[in-house]
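Colleague: One letter stands for each residue in the lines below.
2 protein chains.
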Amino acid sequence: MKREGIIMMAMLFILSAKSQTSLQKLYPVSFSNVKITDAFWKPKMQTVASATLDACVNYTQNKTGRIRNFENAAKHTGKHEGIYYDDSDVYKAIEAIAYSLKNYPDSELEKNTDQWIEKIAAAQLPDGYLNTYYILTDINKRWSDMEKHEDYCAGHLIEAGIAYYNTTGKGKLLNTAIRFADHIDSVFRLQNKPWVSGHQEIELALMKLYHHTQNKKYLALANWFLEQRGHGYGKGVIWNQWKNPDYCQDGIPVKDQRNITGHAVRAMYLYTGAADVAAVTGDNGYTTAMDAIWNDVVYRHLYITGGIGAQGSNEGFGKPYDLPNGTAYCETCASVGMVFWNQRMNMLSGDAKYIDILERSLYNGALDGLSLSGDRFFYGNPLSSGGNYSRSEWFGTACCPSNIARLVSALGNYIYSTSADGLWINLFVGSNATVALNNEKINMTMETGYPWKGKVKLEIAPDKKKYFDVHIRIPGWLNHPVPGDLYRYESSNTEKPEIHVNGQPFSYKLVNGYAVLSRTWKKGDLITLEIPMKVKRIKSNPAVRQNEGRVALQYGPIVYCVEGESKEYNSKNVILPPGAAIEVKYEPSLLGGINVLHFNAPVVTINEDGLSVSTTNRPVSAIPYYSWNNRGSRDMQVWLPSQIRQIRINE
Amino acid sequence: MKREGIIMMAMLFILSAKSQTSLQKLYPVSFSNVKITDAFWKPKMQTVASATLDACVNYTQNKTGRIRNFENAAKHTGKHEGIYYDDSDVYKAIEAIAYSLKNYPDSELEKNTDQWIEKIAAAQLPDGYLNTYYILTDINKRWSDMEKHEDYCAGHLIEAGIAYYNTTGKGKLLNTAIRFADHIDSVFRLQNKPWVSGHQEIELALMKLYHHTQNKKYLALANWFLEQRGHGYGKGVIWNQWKNPDYCQDGIPVKDQRNITGHAVRAMYLYTGAADVAAVTGDNGYTTAMDAIWNDVVYRHLYITGGIGAQGSNEGFGKPYDLPNGTAYCETCASVGMVFWNQRMNMLSGDAKYIDILERSLYNGALDGLSLSGDRFFYGNPLSSGGNYSRSEWFGTACCPSNIARLVSALGNYIYSTSADGLWINLFVGSNATVALNNEKINMTMETGYPWKGKVKLEIAPDKKKYFDVHIRIPGWLNHPVPGDLYRYESSNTEKPEIHVNGQPFSYKLVNGYAVLSRTWKKGDLITLEIPMKVKRIKSNPAVRQNEGRVALQYGPIVYCVEGESKEYNSKNVILPPGAAIEVKYEPSLLGGINVLHFNAPVVTINEDGLSVSTTNRPVSAIPYYSWNNRGSRDMQVWLPSQIRQIRINE
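Note that the protein sequences, when read in sequence, are chains A and B. Quick note on numbering: the first sequence equals residues 1 to 651 in the numbering used here. Quick note on numbering: the second sequence equals residues 1 to 651 in the numbering used here.
Quick caveat, the hints were computed from the structure, so don't treat them as lab data. You can trust all of the hints, since none of them are fake.
Just so you have them, the derived chain A footprint on chain B, three or more residues with Cβ under 8 Å:
{"hint": "1", "segment": "546-553"}
{"hint": "2", "segment": "605-611"}
{"hint": "3", "segment": "641-649"}
Remember, it's a predicted structure, so these values are computed and weren't measured experimentally. Note that CB positions come from ideal geometry on N, CA and C, so glycine has one too.
Isolated chain A (complex conformation):
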């Protein structure tokens, strides 16, 4: 294609984007305008700010060669250490640091990060290219294998550059990122040279860059990357050796996709980017595809913990309804990706069902990736363990630690949104926020004991009296564990929380899962919401054979598990019969303060002779899934048998 043609196409794209209407309904309030005061989350954010970031810095800078790679690349000497995508861990650590610095300023950490950024910038080639693996191995091979994560690393560089600029006002990393983005734009889109990203990420990053710079070429480039997929352009190990383009969602064009396939994190990042593009361009080809894919994920592939990606073999999706517990992969990063994608889907639709899933993945699947001490990490998050599985200090492929760190540090992003007609409350997290609604400032204060208690107090303080809607998410889990029929509560019930405004019952409409409170709001108005909190017994769709005859427990948004008590019982041998009375008790000194579920259960034990077994009723306690494996490596399971159908010995 000639250059004229290319420019015309680019212009046409921009014009057509302009001529379309934005699909975005909700605008999330940035975490930088939200101060977390929450009893559940604030300690976790503090732990991330200290222990988790310490671990990330220490492993990035001292215990591995990730920073040395940049030093060597700047000098064009020395060997590349580690794996070809390791640059991304540096960028993700910087992004997490940037978010955390906003909440917890730390001049030493910032100074150290500035030094990293100097080294990163020094390694950039004159033409804008930046990837220590190719600079230190054979630069002539750059952009030859689409699976080698060059654009993935660029994406994380962009996210880090924006985050660091937003917190510190320092632009060096962002400029480096922009130069790399411009290099990529000139090498690929402007020459229309095919390039299928082997690990999606750059699309969502370019959309952040577009919003930050308002330069439409980044929007055009993000869209161009999306449209590259599914045409057989792929070249590299995924395509030529594995021959499985579905692994990276490249089997068919994104807009034609209807089912979830392949690598879970790749999928989440792809659809997050596609949602970001659709939000601006109004291209409902993407939303149509994603509606179907989302249903496929939630109706057939979702763990009750909000984890996704059942298989280790492809770090991704398996067959529908095939959800093994002991070998559940449920990568921490995939749950983080679920938070990203579901936020975007909510932003496009204004539908609370996406926040229901976001909340489930956040409080369970993602949070499980981080130890209570903040310095140990799960890469995979199985729903059952024989007792030999525990969190690690670090990983060869170290995507998860900085990913959970950046999620928790920027938790404020997921609580509030605005729309043309009002405010939206998505998560119940104690916080003070300042929100701009049609150019007028509204202060909000939320107080709650969630997820342990159901009471939420919300003070609305607009600068001036103002009529608008307050949309409060009514948790979907009150009546259904998740949309679709993958899971259901053992006993159905219809629960509707009570809402008071200034002490008076307020009758509300329920629209797309939100209670809509329309009135003129003034300073000092107090909304109280009482979410009924009960223990829920969950059953699986019979198609999930792994959960046949089993029950999982949930309280509020928290999924529970039983950890073994070495003298008392193995978690695998605890029966939870129908109708067992379950007592909920908050235990402030246990596992950082949790609601514990207590019940008496038949427990099967091996007699001392080793030749016989017996069943006794014993007191058993279930703890939040995210908190397991913080008292040593114990056996654990989420899905408890409700009756004994089969016994296996020594298996």
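Add chain B to chain A, keeping to what the hints say.
Modeller: Structure of chain B alone, referenced to chain A:
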């Protein structure tokens, strides 16, 4: 390479072959000189002759398109039905029919087979090529993907041609096979055009053709095929897409191989062919390799049933000592291949250890592939089942039915051998045999109740008085389950059978596992052998984690299993404590007549409430592994826990 060079190379090869000494020590007596009278085997051979061959004929000719493919190929019209290697099933069925006709003449079956052969011959192309898949799809693509089994099918055609000629004297199929072999020789070896067989088989077949025709070019071609491997010549799906030449033992040259890899049947056929070549050429490069590989198989990869190939994913070998029971693949064809290969290794070495393995694979792993009714087949033979696994009438890939049929029909091949200095008795199977020893005829009659009883009577009747050695295999299983330390008996013992000649105790040397009886033999001499038969409790090497704390039972060469009794116990919940008294009882009306092992065992059962379990002592019976799944689909296991270490509920 020029034609002169090729001819010179071929001549050099033949010369060098001539200058080497044959490595062959033993010469198996052909089944055509052995009449089986055995109470164990004769009924099985009759069942194969009727029910099994009926099934093979019916599925080959009527229920699938295997014969139609030849009809269509002859007319060069119509679609190819089935899979590209389906021709081989027709050839293997003919081979099995040929062996069976020798024992059980059946003019109708022979006439039908003659009609098949007409169709096969009619489909052959003028240049000798014969493969219905390529003839009916795109003949220009023949010989383009080494994995497409063209040479594999040719190998089975050769085996069938020889077998059918030997039984019937009819040469049409053999001539067809020879024309195809000559085509292959001219296309590949004579042009030195690389070709790595994607599924080995042709090597052993060409060696049969060499012995049948005494034409050295087939020996040269067999050797050429062996030497093609391991040089990176491979082209086709295994090499270009899977990128795993080890799958078909093509990672390194055969003579450099020391460990077993890849697909089990391919490996067995390869090493059978290599042994056949080495036997003639004296090339100890192959024997050195195979000694090491055999040790790897037997010391680290062998199931107690003699089955091999732990994994379904590659139909082959997994990691050393990784021998899962429930998912054990143990393809029937791989056990058949173990019989072939171990016969050859015994033939080269005169060592009884190979027959020990042959016997184990034959009576357990291979025989399990065939139902007692003869018309149901296992493709894989796991050592434990939850009760949902049963034999099938047929398979899409139908290699196993005709393979077990041809093995059982030609069982006579494995009983007797000769060497320069005498006779060798390998298996204990009631039979009359006529053996030529240095051009003198010896009649032999064996009577035995083996494998249920240990007494063997052997009458030796040479035409003239003659001094020679009679080598009688002393079963290795008397003192060790198998060579190496993969398995051991729980209590060690040293047992030596008594041998009498004409009623007098005969003191014998033990050489390579054989009792050597040297004397002048005359008509009417009677050898009696009393093999001590006891129940053996087998333990695994602790490296086999799947068998930790478990015991298997063996009586004679027969490995046992427990099948569930629905009202009494699930086989998975039977404990076999140390020292449990086990009674052996022959039950003539059960499962075709078997020794049953009876014992009292603690059995874990689920109480009626479904919420508790208990242990009671119950009478349990174990049956021969090969006979399981002949009373409906029951749960089964071979390795019984000797104490309870762990319980799993509903898993």
